[in-house]
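Participant: Whenever a hint applies, use it, and build me the whole structure from the sequences.
Keeping their order, the protein sequence lines are chains A and B.
Per my numbering, the first sequence runs over residues 1 to 115.
Per my numbering, the second sequence runs over residues 1 to 113.
Incorrect hints may appear among the rest.
[Stated by the list, open to error] Simulated crosslink set (DSS-like; lysine-lysine; CA at most 27 Å straight-line):
no., chain 1, residue 1, chain 2, residue 2
1, A, Lys57, A, Lys13
2, A, Lys70, B, Lys68
3, B, Lys42, A, Lys3
Bear in mind the hints are in silico, worked out from the structure with no lab data behind them.
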Amino acid sequence: DVKVTQSSRYLVKRTGEKVFLECVQDMDHENMFWYRQDPGLGLRLIYFSYDVKMKEKGDIPEGYSVSREKKERFSLILESASTNQTSMYLCASSNLQGQGANGYTFGSGTRLTVV
Amino acid sequence: GESVGLHLPTLSVQEGDNSIINCAYSNSASDYFIWYKQESGKGPQFIIDIRSNMDKRQGQRVTVLLNKTVKHLSLQIAATQPGDSAVYFCADHTGSNDYKLSFGAGTTVTVRA
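Facilitator: Here it is, written out as structure tokens:
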């Protein structure tokens with residue numbers, strides 16, 4: 001009963017490529033988020049969205065963009081992949097309050113390697 | 001930016017003992033806190049949460065303590081089991097309208113048999 005699905009578990013891309021990471025949620029959540037996870041740094045917010053076609057920068061948006069054309073889908077785009085974007089990428093969705101056991105749900109992550 | 005942090009990056013615990021994982025936060029406006037568990041190859045999963053108007057909350061084998069005076073949060077796991085081996089994150093948000101969470105760096109808990 002997977003609720004937040006990330007399209008790829010592992011991805012290897014070349015420097016300079018345009019990379020798309022896809023995330024779909026089936027909980028009708030308003031909010032969606034993209035984080036990257038690096039050892040010793042925890043989860044850092046890249047971008048988030050509160051509504052269709054709406055996006056806000058997180059703490060580390062440089063080198064990334066996002067797209068939310070439908071409520072259930074939130075895409076992270078690396079315009080020109082670089083080696084320092086090698087990381088684990090986690091998508092999450094939340095209800096309006098973002099609280100409680102069902103408030104925030106994460107996908108299983110996409111481990112991206114840029115060579 | 002990041003408003004929470006964990007005291008220790010790793011914790012080794014004997015099976016059956018109690019575990020205590022600590023977290024310090026810096027934003028006095030933080031009003032809601034969550035502990036997550038992340039097992040290898042999976043995304044973080046909700047363990048327990050606590051609002052800032054509470055000092056303690058208990059779940060099944062877990063207890064979260066909040067000390068607002070020193071901005072400290074802890075997660076206690078009773079009778080630690082091998083399945084408790086994972087990375088544990090604390091997270092908070094400030095109650096503004098955006099409901100973003102800020103995460104600590106994580107503590108890796110290893111349970112010794």
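Participant: None of the hints should be skipped; say for each whether it holds.
Facilitator: Hint by hint, here is what the structure shows:
1. A/Lys57 x A/Lys13: Roughly 24 Å between the alpha carbons, so the hint for A/Lys57 and A/Lys13 holds.
2. A/Lys70 x B/Lys68: violated, 40 Å
3. B/Lys42 x A/Lys3: holds, 13 Å
The structure is inconsistent with hint 2 alone, although it conforms to all the rest.
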